[in-house]
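If you're matching them up, the sequences are chains G and H in order.
Read in order, the letters of the first sequence are residues 1 to 236 in my numbering.
Read in order, the letters of the second sequence are residues 237 to 472 in my numbering.
Among the hints, erroneous ones may be present.
[Said to hold, decoys possible] In silico DSBU-like cross-links for lysine-lysine, where the CA-CA straight-line distance does not exceed 35 Å:
{"hint": "1", "chain 1": "H", "residue 1": "K423", "chain 2": "G", "residue 2": "K41"}
{"hint": "2", "chain 1": "H", "residue 1": "K434", "chain 2": "H", "residue 2": "K417"}
{"hint": "3", "chain 1": "H", "residue 1": "K282", "chain 2": "G", "residue 2": "K41"}
{"hint": "4", "chain 1": "G", "residue 1": "K108", "chain 2": "H", "residue 2": "K282"}
{"hint": "5", "chain 1": "G", "residue 1": "K46", "chain 2": "G", "residue 2": "K181"}
{"hint": "6", "chain 1": "G", "residue 1": "K181", "chain 2": "H", "residue 2": "K282"}
{"hint": "7", "chain 1": "G", "residue 1": "K46", "chain 2": "H", "residue 2": "K417"}
{"hint": "8", "chain 1": "G", "residue 1": "K41", "chain 2": "G", "residue 2": "K198"}
{"hint": "9", "chain 1": "H", "residue 1": "K344", "chain 2": "H", "residue 2": "K282"}
{"hint": "10", "chain 1": "G", "residue 1": "K46", "chain 2": "G", "residue 2": "K187"}
{"hint": "11", "chain 1": "H", "residue 1": "K344", "chain 2": "H", "residue 2": "K277"}
{"hint": "12", "chain 1": "H", "residue 1": "K277", "chain 2": "H", "residue 2": "K434"}
{"hint": "13", "chain 1": "H", "residue 1": "K344", "chain 2": "G", "residue 2": "K46"}
{"hint": "14", "chain 1": "H", "residue 1": "K282", "chain 2": "H", "residue 2": "K423"}
{"hint": "15", "chain 1": "H", "residue 1": "K344", "chain 2": "G", "residue 2": "K41"}
{"hint": "16", "chain 1": "H", "residue 1": "K434", "chain 2": "H", "residue 2": "K344"}
{"hint": "17", "chain 1": "H", "residue 1": "K282", "chain 2": "G", "residue 2": "K46"}
{"hint": "18", "chain 1": "G", "residue 1": "K46", "chain 2": "H", "residue 2": "K277"}
{"hint": "19", "chain 1": "G", "residue 1": "K108", "chain 2": "G", "residue 2": "K41"}
{"hint": "20", "chain 1": "H", "residue 1": "K282", "chain 2": "H", "residue 2": "K417"}
{"hint": "21", "chain 1": "H", "residue 1": "K282", "chain 2": "G", "residue 2": "K187"}
{"hint": "22", "chain 1": "G", "residue 1": "K187", "chain 2": "G", "residue 2": "K108"}
{"hint": "23", "chain 1": "H", "residue 1": "K277", "chain 2": "H", "residue 2": "K417"}
{"hint": "24", "chain 1": "G", "residue 1": "K187", "chain 2": "H", "residue 2": "K277"}
{"hint": "25", "chain 1": "G", "residue 1": "K108", "chain 2": "H", "residue 2": "K277"}
{"hint": "26", "chain 1": "H", "residue 1": "K434", "chain 2": "G", "residue 2": "K46"}
[Unchecked claim] In silico negatives: residues of chain H with every beta carbon more than 10 Å from chain G:
{"hint": "27", "residue": "D241"}
{"hint": "28", "residue": "E286"}
{"hint": "29", "residue": "L299"}
{"hint": "30", "residue": "F301"}
{"hint": "31", "residue": "A325"}
{"hint": "32", "residue": "V332"}
{"hint": "33", "residue": "A448"}
{"hint": "34", "residue": "R458"}
It should be emphasised that the hints constitute simulated quantities derived from the structure, not laboratory data.
All C-beta atoms in this analysis are idealised placements derived from N, C-alpha and C, irrespective of residue type, glycine included.
Protein chains: 2
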Amino acid sequence: MFSHDLEGAIRVGSAIECIHTYSLIHDDLPALDNDDLRRGKPTSHKVFGEAIAILAGDALLTLAFQTLATAPLEPARGVRVIAEIAAAAGTVDGMVGGQVADVEAGGKPVDQPTIEYIHRSKTAALIRGSIVAGAIAGGAATDDVERLRRFGDYIGWAFQVVDDLLDVEESSATLGKTAGKDRAQAKATYPALYGIEKSRAIAADLERRALAELAFFGERARCLRQLAEFLVARRS
Amino acid sequence: MFSHDLEGAIRVGSAIECIHTYSLIHDDLPALDNDDLRRGKPTSHKVFGEAIAILAGDALLTLAFQTLATAPLEPARGVRVIAEIAAAAGTVDGMVGGQVADVEAGGKPVDQPTIEYIHRSKTAALIRGSIVAGAIAGGAATDDVERLRRFGDYIGWAFQVVDDLLDVEESSATLGKTAGKDRAQAKATYPALYGIEKSRAIAADLERRALAELAFFGERARCLRQLAEFLVARRS
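Let the sequences and hints guide you as you build the complete structure.
Set out below in C-alpha cells:
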C-alpha cells in the first residue's frame, strides 16, 4: 500500500505541475502578457510559435486530468481530487476567472475588492487546490482538509502579494522574467494600490494567519511551515 | 436511480459539449485556422478579442472535467469516463495530437498515414470518446464498450472525410463557416489526396464498417444507426 500511496501522491503533484506549466505558457502569449522571458529562457511561443504554444497549453491542461483519472487513487478520492483541481483552475473563484478579471482590469484604476479577487483566484486558488488535493489523496479527515484549505488560501494570497513586490523591487536577471512589467502594463498590483511598505505588512499578516492554521498539526506540519516561510521571504 | 442515471448522462453530454466548444474557439484563433466565421456567426476572438477567446477555451476545457468529477456517477465509472475523455482530447491519439500534426503538415504535401493520423485523432477521437464515455457511464459490459469504441472510431473518421468533402463542395452560406479554406491553407484533406470520387467511396466504406459493429445490438442501437447515417449523408 505504501508504494501505491506514493505513486498516487506523485501523480497529484505531476498533474498540478501540468496545470501550472499550461497557465504560464498561455499567460506569456502575445494576446495575454506578451512575455519573451520565463525562468531566464525564451517563452514557448518565442521558440515554437504561437500555434504550438496554444496547443501545448491545451495538451498539458488535458494531461493533468488524464494523469489524475488514471492515478492509483481510491476512485471516490480520485473524483474529489479532480473536482478540487478543476475548481482551482477554472472560472468563478479559480485561475481562469482571475485571469479574465486581470485582462479586464488592465490599464484601468482598480479598487481593493477587484485586486483581492484577482490575486485570490489567479494565484492563490491553485496553491490552495494543490494543498487540498494532497490532503484528500492522503485520506485526511474533513476538518483537517478545511484547515489546510484556509492555510493554502492565505499562503497563496501572500505569494501573489510578494510576487507583485518582487516585480517592483528586483531585476529581470534575479527574477528570470521581465521585471517592471506590471507597472509598464498598468497591471492591478498591491504596490500600485497600497505602496511597498503596506504591501509588505499585508504579506506578513497573511503569512501569520496561514501559520496559525498549521498550529493544530504541530510537528507534522513542519514542511508546510517551511514552505510558507520560504514563499514570503523569497527574493526571486 | 433513474433520475440519477439521467443526470449522470446529461453531465457527460455537457462535458463533451464543453470540450467540443473549447476546441472550436481555439481552432479558430488567428495563430491556428484564423477563421472569422463559425456556424454563420463571427468567431469568439472576433467578438471578444484574442485574450478572452484563449481564456474562454481554457475555461471550457477545465469546466468539462469539473462537470464530470461532480456528476452523480458511481466514482469508479466517473474516473474511467474522465480518463476516456481526457485521452480523446489530449495528445498521442487525441484531438491536440491531431491538431499539432495538422499544424505541422500545413503547406506541405502529405502522405496517407499522416492524413489518417490527423483525421483519426483530430476529429474521430472525440466522437469515439463521447460514445465510449456514454457506454461506461451507463454501465455497459466490457465487450459492448469495445464494440462501441470501434463504431465510434469508424464513424468519427467518416465524419472528417465528409467534412473535407463539404469544404470543397458547399458554399460558406450552407456550411455557416468559410468554405474552401482547406485548399486555400493547403490543408491535409482526403479530397486533396484522393479526389472527390474516391473520398466519397472511403466515407461510404467507413459507414458500412461502423454499422456492422452495431448489428450485434439489434433494435437497441437504432439511434446510433440513425446518427451514423446522418453524419455521412449531411450537406452542412
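Do the hints match the structure? See the list:
As the CA atoms of K423 of chain H and K41 of chain G are separated by approximately 33 Å, the hinted pair is consistent with the 35 Å bound. Only pairs whose Cα atoms come within 35 Å are accepted, and K434 of chain H paired with K417 of chain H is accepted, the gap being roughly 21 Å. For the hint pairing K282 of chain H with K41 of chain G, the CA-to-CA distance comes to about 32 Å; that is within 35 Å, so the pair holds. The hinted pair formed by K108 of chain G and K282 of chain H meets the criterion: a straight-line CA distance of about 23 Å does not exceed 35 Å.
For the hint linking K46 of chain G to K181 of chain G, the alpha-carbon distance of about 18 Å falls within 35 Å, and the restraint holds. At roughly 27 Å between alpha-carbon atoms, K181 of chain G and K282 of chain H fall within 35 Å of each other, so this suggested pair holds. Distance hint between K46 of chain G and K417 of chain H is fulfilled; the C-alpha atoms sit about 27 Å from each other, no more than 35 Å. Using a Cα cut-off of 35 Å, the hinted pair K41 of chain G and K198 of chain G holds, with the two alpha carbons roughly 32 Å apart.
For a cut-off of 35 Å, the pair hint linking K344 of chain H to K282 of chain H stands: about 28 Å separates their Cα positions. Between K46 of chain G and K187 of chain G, the direct Cα distance comes to roughly 23 Å. Compliance with the 35 Å bound is thereby established for this hinted pair. Taken as a hint, the K344 of chain H and K277 of chain H pair is honoured in the structure, with Cα atoms around 30 Å apart against an allowance of 35 Å. Between K277 of chain H and K434 of chain H the CA atoms are separated by roughly 32 Å; this keeps the pair inside 35 Å, and the hint holds.
Among the hinted pairs, K344 of chain H with K46 of chain G is consistent with the structure: their alpha-carbon atoms are about 23 Å apart, no more than 35 Å. For the given pair, K282 of chain H sits about 23 Å from K423 of chain H by alpha-carbon distance, which is consistent with the 35 Å threshold. The hinted pair formed by K344 of chain H and K41 of chain G meets the criterion: a straight-line CA distance of about 31 Å does not exceed 35 Å. Straight-line distance between C-alpha atoms of K434 of chain H and K344 of chain H comes to about 21 Å, which keeps the hinted pair within the 35 Å bound.
Restraint check: the Cα-Cα separation between K282 of chain H and K46 of chain G comes to about 24 Å, which is no more than 35 Å; the hinted pair holds. A hinted pair counts as satisfied when its Cα atoms are at most 35 Å apart, and K46 of chain G with K277 of chain H qualifies at roughly 32 Å. The hinted pair formed by K108 of chain G and K41 of chain G meets the criterion: a straight-line CA distance of about 30 Å does not exceed 35 Å. The hinted pair formed by K282 of chain H and K417 of chain H meets the criterion: a straight-line CA distance of about 18 Å does not exceed 35 Å.
The straight-line distance between the Cα atoms of K282 of chain H and K187 of chain G is roughly 24 Å, inside the 35 Å bound, and the hint therefore holds. Taking the CA atoms of K187 of chain G and K108 of chain G, the gap is about 8 Å. The hint holds against a cut of 35 Å. With a C-alpha separation of about 16 Å, the suggested pairing of K277 of chain H with K417 of chain H holds against the 35 Å cut-off. With a CA separation close to 33 Å, the supplied pair K187 of chain G and K277 of chain H stays within the 35 Å bound.
This hinted pair checks out: K108 of chain G and K277 of chain H have alpha carbons roughly 30 Å apart, not beyond 35 Å. Among the hinted pairs, K434 of chain H with K46 of chain G is inconsistent with the structure: their alpha-carbon atoms are about 41 Å apart, more than 35 Å. At roughly 17 Å from the closest C-beta of chain G, the C-beta of D241 of chain H stays outside 10 Å, upholding its exclusion from the interface. With 10 Å as the threshold on Cβ separation, the claim that E286 of chain H sits away from chain G is violated: the shortest Cβ distance comes to roughly 4 Å.
Not every Cβ of chain G is farther than 10 Å from the Cβ of L299 of chain H; the closest lies at roughly 6 Å, contradicting the non-interface assignment. With a closest Cβ-Cβ approach of about 4 Å to chain G, F301 of chain H is found to fall inside the 10 Å limit, against its non-interface label. Non-interface status of A325 of chain H relative to chain G is broken: a Cβ of that chain comes within 10 Å, the nearest being about 5 Å off. The Cβ of V332 of chain H does not lie farther than 10 Å from every Cβ of chain G; its closest approach is about 4 Å, which violates its non-interface assignment.
With a least CB separation of 30 Å from chain G, A448 of chain H remains clear of the 10 Å interface cut-off, as annotated. At the 10 Å boundary, the C-beta of R458 of chain H stays outside the reach of chain G, the nearest C-beta of that chain being 31 Å off.
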